Amino acid sequence: MPMYETDDIVEQKKRAKRKKNFIRFIAVTVLLTLAGTAYVTHEMWLPKLRGLGKQYTTIVNDGRLASGNFPIEINDSESFQLDCSKNSICVLSDASIYLYSKEGGLIKRRQHAYTNAVMDAVEDKVLIYESGGTRFSVEDRSDIVYSKKLTESIMFARLSPEGYTAVVTTSADYDCEILVFDRDGKEIYKRQCVERVNDISFVNESEGCVISYIYAENGSLVTSVQETLFTESSEKWKSPGLDTLGIQTNGYSGGAAVIGIDACGYVDKSGNIRSIYHYDGEFAGGDCEDGKSAVIINSADTRKYKAVLFSDDKAPIELNFETPLVDVTVQDGLAFIMTENSVEAYDFDGGLRSTAQIRDSYTGFARTDGYIFLKSYDKIDRINYES
564 MPMYETDDIV
574 EQKKRAKRKK
584 NFIRFIAVTV
594 LLTLAGTAYV
604 THEMWLPKLR
614 GLGKQYTTIV
624 NDGRLASGNF
634 PIEINDSESF
644 QLDCSKNSIC
654 VLSDASIYLY
664 SKEGGLIKRR
674 QHAYTNAVMD
684 AVEDKVLIYE
694 SGGTRFSVED
704 RSDIVYSKKL
714 TESIMFARLS
724 PEGYTAVVTT
734 SADYDCEILV
744 FDRDGKEIYK
754 RQCVERVNDI
764 SFVNESEGCV
774 ISYIYAENGS
784 LVTSVQETLF
794 TESSEKWKSP
804 GLDTLGIQTN
814 GYSGGAAVIG
824 IDACGYVDKS
834 GNIRSIYHYD
844 GEFAGGDCED
854 GKSAVIINSA
864 DTRKYKAVLF
874 SDDKAPIELN
884 FETPLVDVTV
894 QDGLAFIMTE
904 NSVEAYDFDG
914 GLRSTAQIRD
924 SYTGFARTDG
934 YIFLKSYDKI
944 DRINYES
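Numbering (the working numbering), first residue to last: 564 to 950.
Just to be clear, a hint being listed does not mean it is correct.
[What the hints assert, rightly or not] Keeping only pairs whose Cα atoms sit at most 30 Å apart, straight-line, the calculated DSS-like set for lysine-lysine is: (1) K867 to K671; (2) K712 to K832; (3) K801 to K867; (4) K753 to K799; (5) K749 to K711; (6) K867 to K877; (7) K753 to K712; (8) K801 to K832; (9) K799 to K671; (10) K712 to K649; (11) K877 to K942; (12) K867 to K832; (13) K749 to K799; (14) K649 to K753; (15) K665 to K942; (16) K665 to K649; (17) K753 to K711; (18) K749 to K712.
FYI, nobody ran anything at the bench for these hints, they're computed from the structure.
This one's a predicted model, so the numbers in the text were calculated from it and none came from an experiment.
Produce the entire structure from the sequences given, and follow the hints as far as they go.
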């Protein structure tokens with residue numbers, strides 16, 4: 564049996580105690596360091612942690628029609644156009660432009676005397692132009708900001724959130740021409756095009772635009788898109804032809820989305836085609852905003868009705884419905900879809916975020932803030948709609 568001196572035993576106990584204290588010190592130091600780091604960076608990781616396992620609750624709106632100034636009766640037109648600016652309900656009839664408050668009170672009425680008038684409302688302004696004619700105007704709630712009479716016929720026009728206007732006209736020497744006017748009506752850009760332009764989308768706070776063209780390729784109509792700056796003569800990028808007849812284009816930071824009559828496609832910011840989705844039914848409407856697109860498809864023969872949601876970084880999401888789809892708009896990261904008996908809002912993961920039953924026959928709708936404005940043949944109703 565080994566023999567130990569008393570001093571040796573005491574020294575061993577001291578060394579063990581010092582080692583234990585040292586390990587405890589290191590552990591406490593590491594914990595304090597981690598805690599300090601977590602506190603400094605908590606704004607980065609805490610929202611993500613809170614979002615884990617979070618489920619959205621579907622908001623069920625009551626769909627009750629507003630009273631008071633509603634419904635708004637439209638009696639001077641066989642058909643009318645409905646849109647919403649930032650603070651107004653905008654109505655264009657055959658003879659007049661009407662601006663109403665969100666409560667339905669008439670702000671102003673002006674006779675426009677345009678043939679085949681078309682309206683585009685964005686932010687706090689409204690663009691009215693004469694399709695096939697030569698006149699257009701930009702106005703707000705109080706007055707006409709400016710008006711123009713051009714030498715060539717207007718094919719279509721677009722208004723940007725910053726108040727810039729792009730007008731596509733016919734041309735004697737080219738297929739068409741693009742004229743861009745700033746918020747004061749001064750011409751800042753002109754482009755003569757050898758291919759037919761079918762849509763324009765402003766980008767970079769109206770520093771430039773994405774233009775879509777239609778042309779024939781291998782016996783079929785295709786759509787090509789390109790981005791240009793108003794200070795440059797050549798384009799930044801141009802895409803090959805997408806196999807569809809494009810009807811709406813949306814430029815965004817990642818490139819452009821094109822909604823066509825039989826397909827929806829995406830192009831990246833170098834002009835390369837990223838994806839294309841062909842519909843398997845009759846196209847009934849579509850809309851796009853900030854790289855997110857939604858189309859509605861009705862197949863009367865098979866009685867299949869669906870909406871397809873597209874985002875540039877996700878696979879398409881298909882949503883099936885029991886009744887035909889009437890209208891769709893994309894706003895604030897949600898797709899608002901009207902069926903024959905409801906208005907439903909979906910996020911672009913396919914989640915149902917809100918719904919409301921409707922009890923009349925409507926042909927379309929417009930949305931702003933917490934309201935849905937329902938359009939029928941001769942009136943406008945309003946329902947509260949939280950989304």
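> Taking 30 Å as the top limit, are the C-alpha atoms of K867 and K671 close enough?
Replying inline: violated (43 Å)
> Do the alpha carbons of K749 and K711 lie within 30 Å of each other, as the hint requires?
Replying inline: Holds - the C-alpha atoms of K711 and K749 are around 10 Å apart, at most 30 Å.
> Are the Cα positions of K649 and K753 separated by 30 Å at most?
Replying inline: This hinted pair holds, its Cα atoms lying about 29 Å apart.
> CA of K665 to CA of K649, is that 30 Å or under?
Replying inline: The given pair, whose Cα atoms are some 10 Å apart, holds under the 30 Å limit.
>> Against the 30 Å threshold, does the CA-CA distance of K665 and K942 hold or violate the hint?
In response: The hint holds at about 15 Å.
> Is the straight-line distance between the alpha-carbon of K801 and that of K832 30 Å or less?
Replying inline: holds (9 Å)
>> For a C-alpha distance cap of 30 Å, please report whether K749 and K799 respect it.
In response: Cα-Cα ~24 Å, so holds.
>> Check the hint pairing K867 with K832 against an upper bound of 30 Å on the C-alpha distance.
In response: Violated, because 35 Å separates the two Cα atoms, which is more than 30 Å.
>> Holds or violated: K753 and K799, Cα atoms, limit 30 Å.
In response: holds (16 Å)
> Hey, K712 versus K649, does the alpha-carbon distance stay inside 30 Å?
Replying inline: Judged against 30 Å, a Cα distance of about 27 Å means the pair holds.
>> Hinted pair, alpha-carbon criterion (30 Å max): K877, K942. Please report holds or violated.
In response: violated (39 Å)
>> Check whether the Cα positions of K753 and K711 lie no farther apart than 30 Å.
In response: Cα-Cα ~15 Å, so holds.
When held up to the earlier numbered hints, the structure conflicts with 1, 2, 3, 9, 11 and 12 and fits the remainder.
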